[in-house]
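Colleague: Keeping the supplied structure of chain L fixed, place chain H upon it in accordance with the hints.
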Amino acid sequence: MNPLIENQKKDFMRIEAEDVCVDYNGTVALYDATLNLKSGSICGLVGMNGAGKSTFFKALMGFVRPSRGKIRINGLTVSKAQSEQAVAYVPQNEGIDCSFPVSVWDVVMMGRYGSMNLLRIPRESDRRAVWHALERVDLIDFRTRPVSDLSGGQRKRAFLARAIAQRSSVLLLDEPFSGVDVPTEKLMAELFLQFRQEGRTILISTHDLNHVRNFCDLVVLINKTVLAYGKTSEIFTSENLSMTFGGIPPNPLSGPTSSEEFME
Amino acid sequence: MALSPIDLIVDPLSYEFMRRALMVSALVGGVCGLLSCYMTLKGWALMGDAVSHAVMPGVVVAYALGLPFSLGAFVFGVGSVALIGFVKQKSRIKEDTVIGLVFTGFFALGLVLVSKIKSNIDLMHILFGSPLGISQSDVTQTLIISFIVVMVLIVFRRDLMLYCFDATHARSIGINTGMLHYLLLTLLSLSAVVGLQTVGIILVVAMLITPGATAYLLTDRFDRMTLLAVLSSAISSILGVYISYWSDIETGGSIVLVQTFIFLLAFLFAPRYGIIKNTQFSK
Numbered sequence: 001m002n003p004l005i006e007n008q009k010k011d012f013m014r015i016e017a018e019d020v021c022v023d024y025n026g027t028v029a030l031y032d033a034t035l036n037l038k039s040g041s042i043c044g045l046v047g048m049n050g051a052g053k054s055t056f057f058k059a060l061m062g063f064v065r066p067s068r069g070k071i072r073i074n075g076l077t078v079s080k081a082q083s084e085q086a087v088a089y090v091p092q093n094e095g096i097d098c099s100f101p102v103s104v105w106d107v108v109m110m111g112r113y114g115s116m117n118l119l120r121i122p123r124e125s126d127r128r129a130v131w132h133a134l135e136r137v138d139l140i141d142f143r144t145r146p147v148s149d150l151s152g153g154q155r156k157r158a159f160l161a162r163a164i165a166q167r168s169s170v171l172l173l174d175e176p177f178s179g180v181d182v183p184t185e186k187l188m189a190e191l192f193l194q195f196r197q198e199g200r201t202i203l204i205s206t207h208d209l210n211h212v213r214n215f216c217d218l219v220v221l222i223n224k225t226v227l228a229y230g231k232t233s234e235i236f237t238s239e240n241l242s243m244t245f246g247g248i249p250p251n252p253l254s255g256p257t258s259s260e261e262f263m264e
Numbered sequence: 001m002a003l004s005p006i007d008l009i010v011d012p013l014s015y016e017f018m019r020r021a022l023m024v025s026a027l028v029g030g031v032c033g034l035l036s037c038y039m040t041l042k043g044w045a046l047m048g049d050a051v052s053h054a055v056m057p058g059v060v061v062a063y064a065l066g067l068p069f070s071l072g073a074f075v076f077g078v079g080s081v082a083l084i085g086f087v088k089q090k091s092r093i094k095e096d097t098v099i100g101l102v103f104t105g106f107f108a109l110g111l112v113l114v115s116k117i118k119s120n121i122d123l124m125h126i127l128f129g130s131p132l133g134i135s136q137s138d139v140t141q142t143l144i145i146s147f148i149v150v151m152v153l154i155v156f157r158r159d160l161m162l163y164c165f166d167a168t169h170a171r172s173i174g175i176n177t178g179m180l181h182y183l184l185l186t187l188l189s190l191s192a193v194v195g196l197q198t199v200g201i202i203l204v205v206a207m208l209i210t211p212g213a214t215a216y217l218l219t220d221r222f223d224r225m226t227l228l229a230v231l232s233s234a235i236s237s238i239l240g241v242y243i244s245y246w247s248d249i250e251t252g253g254s255i256v257l258v259q260t261f262i263f264l265l266a267f268l269f270a271p272r273y274g275i276i277k278n279t280q281f282s283k
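Chains as they are written, first to last, in the numbering used here: chain L, 1 to 264; chain H, 1 to 283.
Do not take every clue at face value.
Stated by the list, open to error - No farther apart than 25 Å at their CA atoms in a straight line, the calculated lysine to aspartate or glutamate pairs in the DMTMM-like style are these: (1) K277/H with E185/L; (2) K42/H with D97/L; (3) K42/H with E94/L; (4) K94/H with D97/L.
Stated by the list, open to error - Restraint ranges, calculated between C-beta atoms of paired labels, are given here: (5) W246/H with T144/L: 54 to 62 Å; (6) W246/H with R128/L: 54 to 62 Å; (7) A167/H with G152/L: 44 to 52 Å.
Claimed, not checked - A few chain H residues that face chain L, going by a derived Cβ cut-off under 10 Å, partial list only: (8) R20; (9) L111; (10) D166; (11) A170; (12) F263.
Bear in mind the hints are in silico, worked out from the structure with no lab data behind them. C-beta atoms are modelled at their ideal positions from N, C-alpha and C, and glycine is treated no differently.
Next comes chain L alone, as it looks inside the complex:
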């Protein structure tokens, strides 16, 4: 059987972001963001709306090109990592039109598209991967059901199964705990531990601090840049949190000089 993911080495550098700056037509969304994540880590990405969480995700997925700095995923450039299916994005439930006429099986099969030929005709190995992924999220009995039939928690599990089927080593999760029932939350906790064991790296974008405490080994606080980064227990100080949520952010428009001063 195929390995679950490529390169399961422990202590392997999965995500390396170095001084990443992203701007949209002159408006700075993220500057000097530096973050290194090893294989087998679960990291919360915490910040307000507009703090640059989704911009950081976009940079990791190759949707935006940093104006400065560099990103490596599994030691590869973002586009190379993308062609190796290294990064999977698990969307917010709200971001998807779940009245779309597709079955749970179809949704999970979409995780295999990147490894298929142009016509996206599934091979036996693709079907096995989908079956296996559905088993892991406990949705195998729901495989023929349309996604519109599922609860919020079940939908979340279907999209997690898609990421599993994709065999990606990096998972980007966008607000994974919103609209999720208790059984799904328990299943997600177990899955995340398994993912860590398998050497996957999970980055969870959220502003739900309680879930970060319960689920994440590491946390990154961001507000246009990385404010603090490290073990969750050490980083979650009231000072850091007020800087992230209540504090006045540095003015990124005044250029890199001021942000360097701020970091000092």
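Modeller: Using the frame of chain L, we list chain H on its own:
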């Protein structure tokens, strides 16, 4: 003179123009029906309306220059889409406003051109279609364009479905979503071109959304949805042409009315999403 049901069906087939009209209308219905699934799921009804109206000046210019009218229509269809994208990007105006603005502008240009260019263009044919008077060269054009659209839709079936469902995922696994966006818009222009021959510019948007909307009420499976849309659309076209022949009514209007009627049936009686079923539930 009483006609048996068989006569009702067979009688018109003795005319060459009716055989042609039925064949072309069914084909066009099928092609537009297939595309309509993507239009309704992507939420592009207004875009369909825009592109189909915007092809008007292209048709007029092509006729005047003696070029295949599909060429002119295609150029203006794609041109309108590009212009909509450009104006939206370069100004603060919201997309639906830009769409409305651009397509009415193009449509007005078409009307003015018709009145200014002295030729044998029949405005009524462009606006309302004339499947009963379709020429052999128009049939050939329709066949070629339909073949292209269907082949592209078959090859990119899965990718386009994924693009409509979850474009972020599509992009994150390396699928070129920008290309798919323009591919879908190109297919829309081409389908509008073939659709306007049977129902005309004003009603072609119905061909591009009604079958998809009907099928969407009837199933939760994408493949079944495409099949149902194609079938309901082709059947509407055939029925519409027959009804138009026997009761001497305008053909384009007849086809679209049949489509609307089938939609109403689905709206009322769809096994899962019909309002009758849902009303019983709430009692």
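Colleague: Indicate, hint by hint, whether the structure satisfies it.
Modeller: Do the hints match the structure? See the list:
1. K277/H with E185/L: Roughly 34 Å between the alpha carbons, so the hint for K277/H and E185/L is violated.
2. K42/H with D97/L: Holds. K42/H to D97/L sits at ~10 Å (cutoff 25 Å).
3. K42/H with E94/L: The given pair, whose Cα atoms are some 16 Å apart, holds under the 25 Å limit.
4. K94/H with D97/L: Holds - the C-alpha atoms of D97/L and K94/H are around 22 Å apart, at most 25 Å.
5. W246/H with T144/L: 54 to 62 Å: Check failed, 44 Å falls outside 54 to 62 Å.
6. W246/H with R128/L: 54 to 62 Å: holds (57 Å)
7. A167/H with G152/L: 44 to 52 Å: With Cβ atoms ~21 Å apart, the hint is violated.
8. R20: violated (34 Å)
9. L111: Violated, about 37 Å.
10. D166: Status holds, d = 6 Å.
11. A170: holds (8 Å)
12. F263: Not OK, violated: F263/H not within 10 Å of chain L, min 16 Å.
Of the numbered hints listed earlier, those contradicted by the structure are 1, 5, 7, 8, 9, 12.
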